[in-house]
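Based on the sequences and whatever the hints tell you, model everything.
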Amino acid sequence: MSTLESFGEYETAWCPGCGNFKLLEAVKQGLVQAGLEPRQVLFVSGIGQAAKAPHYLNANVFNGLHGRALPVATGAKLANPELIVIAESGDGCIYGEGGNHFLAAVRRNIDITVLVHNNQVYALTKGQASPTSDQGFVTKAQPEGVLEAPFNPVEVAVAMQAGFVARGFVGKPEHLAGLIQQAIAHKGFSLIDVLQNCVSFNKVNTLAWYRDHSYLLPETHDPRDGGAAIKVAREWGDKIPLGIIFRNDRPSFVERASHSVNLAKTAGQVDKTVLNAIMDTYS
Amino acid sequence: MRNGTLNILIGGEAGQGLVTIGQLQSRILVRSGYSILSTQSYMSRIRGGHNSFSIRVGPDGVLAPEEMIDLLVALDSTTVELHRKELSPKGVIIADEQFELTGDHLLEVPYSKLGKRKQMNVAAVGVMNSLLGLEQAVAAQTIDQFFGRKDPKVQEDNRQALEKSLEWAKTIENKTLKLAPVTAREKMLMLSGNECLALGALAAGLKFYSFYPMTPTTGIGQTLAALAKTAGIIVEQGEDEIAALNMALGASFAGAPSMVATSGGGFALMVEAVSLAGMTETPIVIVVGQRPAPATGLPTRTEQADLEFVLHAGHGEFPRAVFAPGTVEDCFFIPGRALALAEKYQSPIFILTDQFVADSYRSVKPFDLKDLTPVRPGADENAITQPYRRYALTESGVSPRLLPGMSKHLVVADSDEHTEDGHLTEDLSARKQMVEKRLRKLEGMRREVIPPEFIGNPDPELLLVCWGSTKGSALEAAGDLRTGGRRMGVLHFTQVWPLVQEQFLGLLEKAGQAVCVESNAQGQFARLIRRETGFEIKRQIHRYDGLPITPEFILRELKESR
Numbered sequence: 001m002s003t004l005e006s007f008g009e010y011e012t013a014w015c016p017g018c019g020n021f022k023l024l025e026a027v028k029q030g031l032v033q034a035g036l037e038p039r040q041v042l043f044v045s046g047i048g049q050a051a052k053a054p055h056y057l058n059a060n061v062f063n064g065l066h067g068r069a070l071p072v073a074t075g076a077k078l079a080n081p082e083l084i085v086i087a088e089s090g091d092g093c094i095y096g097e098g099g100n101h102f103l104a105a106v107r108r109n110i111d112i113t114v115l116v117h118n119n120q121v122y123a124l125t126k127g128q129a130s131p132t133s134d135q136g137f138v139t140k141a142q143p144e145g146v147l148e149a150p151f152n153p154v155e156v157a158v159a160m161q162a163g164f165v166a167r168g169f170v171g172k173p174e175h176l177a178g179l180i181q182q183a184i185a186h187k188g189f190s191l192i193d194v195l196q197n198c199v200s201f202n203k204v205n206t207l208a209w210y211r212d213h214s215y216l217l218p219e220t221h222d223p224r225d226g227g228a229a230i231k232v233a234r235e236w237g238d239k240i241p242l243g244i245i246f247r248n249d250r251p252s253f254v255e256r257a258s259h260s261v262n263l264a265k266t267a268g269q270v271d272k273t274v275l276n277a278i279m280d281t282y283s
Numbered sequence: 284m285r286n287g288t289l290n291i292l293i294g295g296e297a298g299q300g301l302v303t304i305g306q307l308q309s310r311i312l313v314r315s316g317y318s319i320l321s322t323q324s325y326m327s328r329i330r331g332g333h334n335s336f337s338i339r340v341g342p343d344g345v346l347a348p349e350e351m352i353d354l355l356v357a358l359d360s361t362t363v364e365l366h367r368k369e370l371s372p373k374g375v376i377i378a379d380e381q382f383e384l385t386g387d388h389l390l391e392v393p394y395s396k397l398g399k400r401k402q403m404n405v406a407a408v409g410v411m412n413s414l415l416g417l418e419q420a421v422a423a424q425t426i427d428q429f430f431g432r433k434d435p436k437v438q439e440d441n442r443q444a445l446e447k448s449l450e451w452a453k454t455i456e457n458k459t460l461k462l463a464p465v466t467a468r469e470k471m472l473m474l475s476g477n478e479c480l481a482l483g484a485l486a487a488g489l490k491f492y493s494f495y496p497m498t499p500t501t502g503i504g505q506t507l508a509a510l511a512k513t514a515g516i517i518v519e520q521g522e523d524e525i526a527a528l529n530m531a532l533g534a535s536f537a538g539a540p541s542m543v544a545t546s547g548g549g550f551a552l553m554v555e556a557v558s559l560a561g562m563t564e565t566p567i568v569i570v571v572g573q574r575p576a577p578a579t580g581l582p583t584r585t586e587q588a589d590l591e592f593v594l595h596a597g598h599g600e601f602p603r604a605v606f607a608p609g610t611v612e613d614c615f616f617i618p619g620r621a622l623a624l625a626e627k628y629q630s631p632i633f634i635l636t637d638q639f640v641a642d643s644y645r646s647v648k649p650f651d652l653k654d655l656t657p658v659r660p661g662a663d664e665n666a667i668t669q670p671y672r673r674y675a676l677t678e679s680g681v682s683p684r685l686l687p688g689m690s691k692h693l694v695v696a697d698s699d700e701h702t703e704d705g706h707l708t709e710d711l712s713a714r715k716q717m718v719e720k721r722l723r724k725l726e727g728m729r730r731e732v733i734p735p736e737f738i739g740n741p742d743p744e745l746l747l748v749c750w751g752s753t754k755g756s757a758l759e760a761a762g763d764l765r766t767g768g769r770r771m772g773v774l775h776f777t778q779v780w781p782l783v784q785e786q787f788l789g790l791l792e793k794a795g796q797a798v799c800v801e802s803n804a805q806g807q808f809a810r811l812i813r814r815e816t817g818f819e820i821k822r823q824i825h826r827y828d829g830l831p832i833t834p835e836f837i838l839r840e841l842k843e844s845r
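So the protein sequences, as listed, match chains A and B. Using this note's numbering, the first residue of the first sequence is number 1, and each one after it goes up by one. Using this note's numbering, the first residue of the second sequence is number 284, and each one after it goes up by one.
Incorrect hints may have been included.
Unchecked claim - The calculated EDC-like cross-link candidates involving lysine to aspartate or glutamate, where the alpha carbons are at most 20 Å apart (straight line), are:
| no. | chain 1 | residue 1 | chain 2 | residue 2 |
| --- | --- | --- | --- | --- |
| 1 | B | K512 | A | D280 |
| 2 | A | K265 | B | E664 |
| 3 | B | K648 | A | D280 |
| 4 | A | K272 | B | D651 |
| 5 | B | K691 | A | E5 |
| 6 | B | K470 | A | D280 |
| 7 | B | K653 | A | D271 |
| 8 | A | K265 | B | D663 |
| 9 | A | K272 | B | D654 |
As the list claims (entries may be wrong) - To be clear about the criterion: a stretch of chain B counts as covered by chain A if any three or more of its residues have a C-beta under 8 Å from a C-beta of chain A, and this derived list gives those stretches:
| no. | region |
| --- | --- |
| 10 | 485-498 |
| 11 | 505-516 |
| 12 | 531-543 |
| 13 | 552-566 |
| 14 | 679-691 |
| 15 | 696-703 |
No lab work stands behind these hints: they were computed from the structure. Every residue, glycine too, gets a C-beta built ideally from N, C-alpha and C.
This is the structure:
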């Protein structure tokens, strides 16, 4: 049995008061609740302050390139389906630089959990607009305010029939830990968009702002009702829903494939009889 | 009819079935015991245009493609217009009588009387077989197999078309194209460069392959996809080349020997992840099938102009090796070497091919699979000193690589500069140590370089230096000149990086004159040799019109530039 201590305690490179701290705690809590040992879990991250998170706990880690966490996570899961694969990065990394991979991962319904630290700003590069920044959000790079409409990841994921779509908030870490536990348990693609404050570069969407503008979905919300889910997913601004917004049990990528194999376990083996038969077809 | 061979060119519009005819005829020739080299020249379109499929055939060891045509099989009248000037003095044109062509060398075939419209390709094969003097039984059996036996009606139509065309062809008096009978008929395989890369990788223990379709390497993925279930591997089409390589790195990190393939433009998208492989020390084999660029270039033609690109691709400094198969057979053995090297040195390893070798079919002896050892990823957990550090500093620069979830240890890999345990660091002395550790691996790689092959007179007056797919043409051109009394040598590089000058500098210095032959405009390999050794190969032959270098091309250039 793992405990919070199994996942360690490390010094971080984050600003005091950053939402990442609560998120990290919720991740550890979620893993403990899921009954997982550090060695069973692989975190794949991109680049950004959020992408550093896996360095601050005990687990297997592949900290790759900006925007490319999802294809690496997909490859690792395909190679060894026994690994619990969690892709963890920020809104810029997953929804911006890696936007195409996000769409492809939803379509594949690959059995990974995607945890997005969404603070609506690029923080590591010191405060530019992100794909989820609200229109009018003023930064040094967007002095007249953001002109583009924001990307709504939850709505896109619901529209694409993603397996498990949820939103969490660092102001409700226990609720978030529960979402993480359920997302890991879900067989298929799981997205948790996590609202979090950036104390240095987002003075609009602060911890208090998120607290005042969000609400927990009531038990009457049925995440298996697609029509209801898409309505809820569109909510933003004064009423931001938290909780499991949508889920379905369509078979995951690996379940749909005609053959499944643990490549990490069969590596080093080549059946020469099969190989000879293949070669013979070219005569 | 150079050097006892015969050159057949089948030409027509895309969509007319010329590849079917070409592959079918190639297979019949291989099964009849002949040596072949077939090359494809096609336009980047699905229908129309002008495409061709050439088969050079001889009793043994066809080395290179040929320009002169002995048998022109025209599926449209444009083919005759375009290729008539390449016809050899005794050459024959086979064309539909309905084209109502005029001129010499013409053999007009009444296709409408030999079978249904759909059976025209079978009828064309029948006429060719008759002219070449091949055994009817081999053709009949090959056609049956090629089209499958599912539909008895089609099978019967094919049989009738073959018989009728052979019957009709009996009346032809032309005997100049008859091939000399082959005495010892060994079992041979017919394989393209792409197929060999796929099968060679499979034989060497490849488990994961991801790709985004791009000519000329799409065939590798399609070959592997068809075999995935049988062979227990995973083949996945990525949403783009960036995903393809990152996915393969994820799979490799998790323990699956992995490979990707693309061409120049797709590789440009992969480049950031090449550097990621270098930094995270993740084994990966990357096939780059070259085609003429910049940008989209000539998508379906050939070139060798991405050598410098592949050598320098990826920001920062990290070790790599680059192979360049000289023949279709090399395409079978190189992936094994590349996968093993990738695993041993935990680095990106490249296989640089081109459209010519990728799409060329050759008759090859069945490969000996007995001694093949599949690559085994990861280090032995029991040999690990505690605590486990993924990037432990070692003398060789190689750190024991454990696989996540496969041992009691945690594996941490990072694209940031990192400490020995894989966590990101900005400790500048650690940075320096890690740079040196990574680069130390190059020393080991240098000890395992495949030396260039030298063929010819030990003291050549003229030495043709080449790399990759130009090998056959250089050998044949050198052979012709040797027959003409000249002392000739060929120096061929199957591995173009790292270069170990002790393996070849003496040969360059000893030669009367060295000539570098390559399919690019700036002499990239000659430039590399100069950079690495200081030796300048002053005389160079370049081809960059999209066609493969042929023996005739080399001979013409040597004459003109003398």
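Quick rundown of the hints versus the structure:
1. B:K512 <-> A:D280: holds (17 Å)
2. A:K265 <-> B:E664: holds (14 Å)
3. B:K648 <-> A:D280: holds (11 Å)
4. A:K272 <-> B:D651: With Cα atoms ~11 Å apart, K272 (chain A) and D651 (chain B) stay inside 20 Å; holds.
5. B:K691 <-> A:E5: holds (17 Å)
6. B:K470 <-> A:D280: holds (10 Å)
7. B:K653 <-> A:D271: Roughly 11 Å separates the two Cα atoms, so the pair holds.
8. A:K265 <-> B:D663: This hinted pair holds, its Cα atoms lying about 14 Å apart.
9. A:K272 <-> B:D654: Cα-Cα ~11 Å, so holds.
10. 485-498: holds (count 7)
11. 505-516: Since 7 is at least three, the answer is holds.
12. 531-543: holds (count 11)
13. 552-566: holds (count 4)
14. 679-691: holds (count 6)
15. 696-703: holds (count 4)
Comparing the model with each numbered hint stated earlier shows that all of them hold.
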